[in-house]
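So the sequence lines, in the order shown, correspond to chains A and B. Just so it is clear: in the first sequence, position 251 is 251 by the working numbering, and no numbers are missing. Just so it is clear: in the second sequence, position 340 is 340 by the working numbering, and no numbers are missing.
It is possible that some hints are incorrect.
What follows is a set of in silico ranges between Cβ atoms, one per label pair, in the way DEER data are often shown [claimed, not checked]:
no., chain 1, residue 1, chain 2, residue 2, range
1, A, Thr1004, B, Ser307, 34 to 44 Å
2, A, Asp715, B, Tyr471, 43 to 53 Å
3, A, Asn858, B, Lys23, 37 to 47 Å
Don't read these hints as lab results, they were simulated from the structure. These figures come from a predicted structure and were not determined experimentally. Every residue, glycine too, gets a C-beta built ideally from N, C-alpha and C.
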Amino acid sequence: MKKNAFIKAVRSPGGLLTHKVILAMKITTFLLLVVLVQASAKSYSQITLNERNAPLEKVLKSIKKQTGYDILYDYNDVKNATVSIQVSDASLDQSLSICFKDLPISFKIIDKNVVVTKKEESLVDKVLDLVAPSVNVNGSVADENGPLAGVSVSIKGTNRVTTTDDKGRFFFRDVKENDIIIFSYIGYQSQEVIVKNKTTFNIKLEKNVTGLNDVVVVGYGNTQRKDLTGAVSTVAAKDIENVPFNTVDNALAGKAAGVQVTKSDGTPGGAVRIRIRGSSSLLGGNDPLYIIDGVPLQVQSNYVNPGYSLGSPMGDATSGGNSVVSNVGISGLSSSFINGLNSLGGLNPDDIESITILKDASSTAIYGSKAANGVVIITTKRGKNDMKPVITASYYATVSSQYNAPHLLDADQYKSLITEAAQNQVEYNTTSGNPLSDNADLILNHPDSFFGTANTNWIKEVTRTTVSHNAEVAVQGGSSSSKYFSSISYNSTPGVVKATDFQRISGKINLENDISKKFRFVTNIILGYTDQNIGDNAYAQALGARPDLSPYDASGNFLNFDQQGAQYTAYTNPVALLTATNNAKTVSLLGSVSAIYDITKDLQFKSSGSLNMLAYNQRNYTPSYLDIGSAYGNVANEGGIGGNSNRRMSDWFLENTLTYTKKFNAQNSLNVLVGQSYETTKASFFSATATGYPNDNVLTGLSSAVTPLYVTGDDPSMPQSYLLSFYARANYSLMDKYLFTFTGRTDGSSKFGPNNKFGYFPSGAVAWRISQENFLKNVKWIDDIKFRGSYGLTGNQNIGDQMYRTLFSPHSYAGSSALIPSQLGNNDIKWESTREADAGLDISLFDSRLTATVDYYNKQTSGDLLSFPVAPSSSYSSLLTNAVGIKNTGLEITVGGDIIRTTGFKWSSSVNVTFSKSIVTHLNPNADLTQISSLSGLETLPSFYGGNTALIQGKPLGIITGSYVTGIIKTQAEADAYQKKLGFFASYIPASIGDPMFRLDESTAAYGYEAPAINQTIGYGAPKYYGGITQGFTYKKFDLEFYFTYSVGGQLLWGDHAASTEFQGVANANASILNRYYPGNTNANEPRLILDYYDYSSSNLDVFSSSYLKLRTLTLSYDLSSSSWFKRAGMKNTSVFVSATNIFTITKYPGNDPEISDDPYSVTGGYFDVSNYPTIRTFSIGLKAGF
Amino acid sequence: MKNLNIKLLSFLLSLLILSACKKELNVYPTTSEVDGKVIVDEQSAFTVLNGIYYRFADVGVDRNNIPSLEWSDANEALPSCLAGTMSNSSQNWAPSGFNPQAYGADFQWIYGYNIVNAANGFLKNVAPVTAIPAAAKKQMIAEAKFLRAFGDTQLLLFYGQFYDVSSKYGIILRDEFVTSGNINLPRSTVGQCYTAILADLDAAIPDLPALNAHIYYANASAAKLLKARLLINRGAAGDYTEVVSLTNDIINNGPFALEGNTSDVFLSKGFSSKEVILGVQPFPNETWKFNNYQYYFQYTPTDTLVSLLKNDPRNQWVYKLANYYGTPTNQFTKYYSGDPDNIEQTPLSEESYAFRLTEAYLLEAEAITLANGDLPTAKTLLKTVEGHNGITDFTAVDNASSAAELQLLIVKEELKNFVGENGADWFALRRLPLATIQTIQPLLKIKDRFLLPIPYAEITENGTMIQNPSY
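Work out the full structure: start from the sequences and follow the hints.
Okay, here's the thing in structure tokens:
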């Protein structure tokens, strides 16, 4: 009884009618029908529906809403029925016929009413149905531009399928009156029609447009956009196609709010810095988790340090030249490799179907302990059911050239300025009493032997304009029970710097088979091979190479720079460097097999096993005529130094999920997912370095070497880490307007001690579709307005293995093994956890012509792991502790829409902006931060010697530090006052007119001197806001897209400027050095030149605003499909395109490119422009065709 | 049925994974060993024991990551710089030149505790293992205790008020392997330190062999000599007598003998010399010490040393004049037999010596003078040592009329004999009266500067630590 009462109470208006009323209505209906029989609604043709297994009642409501017709029915007749229907601009009659096809229901249309009655199907009916006469149907399919060839035409519920011919025509024999014909085509909305008594169908297919019903891939499933409760951005394949980016991450820049993407430099195929809502971990990395077709992938650098500064003849200009890195470091090679290698390099961007970026805790919490940095879900292309095989081939060629070549001093300028610097030294020496330096002596007293006669443009010597090629073939198709997609692609991209290149062969196979009605089996394999020559920093060396020297000596050998007095500043012949080998080959495999079983209609079980495997091989060889770097300048390299390193990684995943989807009634629907996953990680490596090679051109393999220098490796038989997870998510939708999501995950990780093996990550979200409320429901121009709110916890376990244990490491003593206590364990370390709150608003107006999404987030990470110093009497230097907090807050706004939408012309526009802020909320000032210094070795944290980045409690991430120049001394009075403060220090640094005044460390003022202060904050790297702007124009068959990215409020430390404020030894300098103080330029903001006397490390003079607006890509494509020539050739979906990247940049940044990063993995910054590789500009032309 | 099967199957699968994971979530590393599991048999016990020797040898890496002994910095140069016979070209390592943050102030602190903790790790992990033959285990434990005593002695003699058993300025005594729970401990009194170290030595001496498998592994004589070194510095009642009996025992009953000419130990014989009681084995391809002394002139002999060695044949080989960037400079050549100007590494340039028999002779002689014993015996001992160093004129020794006068001569011999070697020179100097010390090392003005400062990091991180006086 109670139950009945409840059902009655919640019935829809139609359902509330009593039987009596219905009977009365039926009679009325009949009478009306007789009278108004002509008033058929057949002419009413504007119903568009796209529903899968939707409750019939909901579909009827939708029809009612779209037509304004009242539909009268008994709730009991429809309550359990579901229907799948895809029609576009269909008539009421057609739509209702499809809805009721398999139900014992008939309907009549009377005036503005539809009366639905129960049809008692008699045996006769059934027989009649069986023997119903068959008819032959034909027709044509077109889109707004004309006939469509290759459209799949099938009869619903059967295996019968055909495709349209090149004129868009189709023909079907023996079709029954009740059959439903489905028209489907990639990129278009499918359409269904019921045969009834028609025999000719002229169908117009609509292109898919972004809308509320779009399916959005989320963690372990998908949902409709309107049902989303979390902050999720999507990037469609079409948004990244036709632009020749080597890697997918590179194509994401500016595409989604809250996602900051910076290409580190122009290295072909190189790494990209991606941060979703900022950085939150110090040791655990800050790259998002990638889920590629369900397989998790964590970005990392594979570079193996071969020891001996091998292959790095010298540091890059900025570190070797003692500028960005205040103490000399050898980092050239590692920074090249770190910028040059990309974990996603093996994935062909054209294989991608969709990219979803999960940003808030509610959407990411299902990935629990890996989700604190956000999740990028990449889905690659799959086969389609009932599709004739379509072969797609494409080719494009790209011309790449250097964007904005740097301006360096030419030979004359160099000679004149360095002579000026030497003369200034003479003047300085008379006051300081120092002897003339060797370099100054040579320059002033022996200029003929010191200066060369050449005028070499070293940048030209090491760069080139290149043509790269990309070709691929893909096959896609399927029958009713199986589908497939496979592709293979080849990409060859020679680098703009000579001796660098990127090559990739990538293939993909996707197979999906329905073993039975309930059981499906899916296989997916993505295989990638990349071969990269990373180069040897020849470009950075070219920035400092003396223009008066030529690459070769009189006998045609490479000129040895060691003889040019440049030893301490670590410069070497850039052209000779081009002959060194730094090669990396990577084979990557992402493979998975899944079995999907529909236990009941509502309950689905999925089990999958997947493998993420990578094999990396690195080869380095430095020829004997190149010197090897060391902490004390060049070291002769006798017999060459070469090495081979490899790394192998395999991550296995076993995953089981159970999904329950139930629509109880119109008001209540529930989706519950529970799952369990098991992950193992195994990594092995080997590296050997040797010297004494017989020659430099052929016998450079390891076996030719005489003396092994360094051999290391590990190849464990068992995985080194395990992760066991259980997770659950429930989505509940009440009345289609109140949406709730609850997610929980438990992770057990081998990376934590017995006290804290398991971490718990709950989250919840609510959304309110206010537009579904009665007061807004009838506002025609509002499609959807939704408020969202979410809160949850995610974690990070991307730290090293075994960090909680007390360990003994193997060493040797006296020829025997020795085990040394090397790590102090801490059983109390626990998960880094991030609490994130998100408030969002989604708006869609005017039939999706205007859409907007706004999100505010507050992301507080606490318990970040960092090793803190312990008392040295413990014999350990540090103990890993959860003791750091970082907070990221931000506002993300995306507005898009079609400004003009006419038949022939469309102008669509989209703008996104992200305002973001970070702050270190908790950090013990005693923490030894050197442990988080960057992989590239370029970034150093504050120390006795001074650092160039810092982490300070209460300050944002991305601080740039150095010394602070308060001004240039312009008068003798200023000089006197400054020298007085300096005290005895005045005899160590130049402090006369034209010299810089540094901010001084006042703590020693009492002792009568103040030294220039180090570790001063000189800049903030992080931008205040950034984003992207897309402008798309479609005119007939032309498609033109402008795509801008911008970033405002950030700063960069320009390394080449730091190396050019004073001469570094006798190396060449950037033309910016012309702005120095000298009698002809007494208003200068940069110091005068004094050779060999400044120990100049980076200062605020080298920090510049990195704000910019860049036309990142411009793409023009032309659709050739309908051209008769191509049709005769049997080609479908044919288009040609031209595109360009880095067309122009509006910026005040004086360096080459304000969008650059020295280290994509850096936590503290990455805001140095170290000019290891120039930024490139490309022009591409390509052709795509389907057969 | 079918559904049930699948449900059952997935349930079982989950159970299986859960049970399997208990072990896997506790997976052990493959590139290191875990505390508690590191010793399982004699072989693994030896490896961990060898780790203590690794610390004893002060192994580090050079600029190209080649493992190298850094013994020469902490144990050769630092004490001799303090004693005033050597100088550090880039740091002021005189007793007046130290503050808690000074470079080098923590060398011995880190060195000593590295040994102590490695020894504690060994002792903790070896204790429960029954698979090791009893005799082998006993000897290994004795070696570990000897090494721990050595580490503690270094700490006490460099950082503690070793001369005052009632002082609170002892060192931190660690008898347990460090865990996250016992990192910060307070100082013990000097008396407690002596007691603990002597307990270790008394436990070690009977179980150590007369000669170990190699001369770079501990033996009974080394332990006895260490005990003598410790007691002569404590100088409590009976200590000097015991020093005499210990050193006598080493000289007369041990397997060691003085080298015909001491220079042969360093320049030609190395560890094959019968005089070496405990050596420090270098790595085959290291260049650390050679680079320090010969290439960089990092540590050079002072005028004090030159004047001490006036009219002493050792001035022909302990240092040599060489050309350093155009300036004739004395190069420390005690371990280097090659040409000081055209330097090329020589076979013994990296060998180091922790204990030499000469020290037993000199400690015995000095203990006799301190205990007001028989001066002629002491004189004979001193002359024996001098004789082995090529000295033929013993007038000064013969003329010494008082115990104090003779002690000064003995200490001077210790300064000359052990310059840049093992710290015995610095320890000996401080046994003289302060006024006498200042005639040799004028920079040692107050007794507080017998002690190095407790390193800055210890003071900041360990709240229970107190700084040495006058720092």
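Hint-by-hint comparison with the structure:
1. Thr1004/A to Ser307/B: 34 to 44 Å: With Cβ atoms ~37 Å apart, the hint holds.
2. Asp715/A to Tyr471/B: 43 to 53 Å: 51 Å, holds
3. Asn858/A to Lys23/B: 37 to 47 Å: Given range 37 to 47 Å: holds, Cβ gap about 40 Å.
When held up to the earlier numbered hints, the structure conflicts with none and fits them all.
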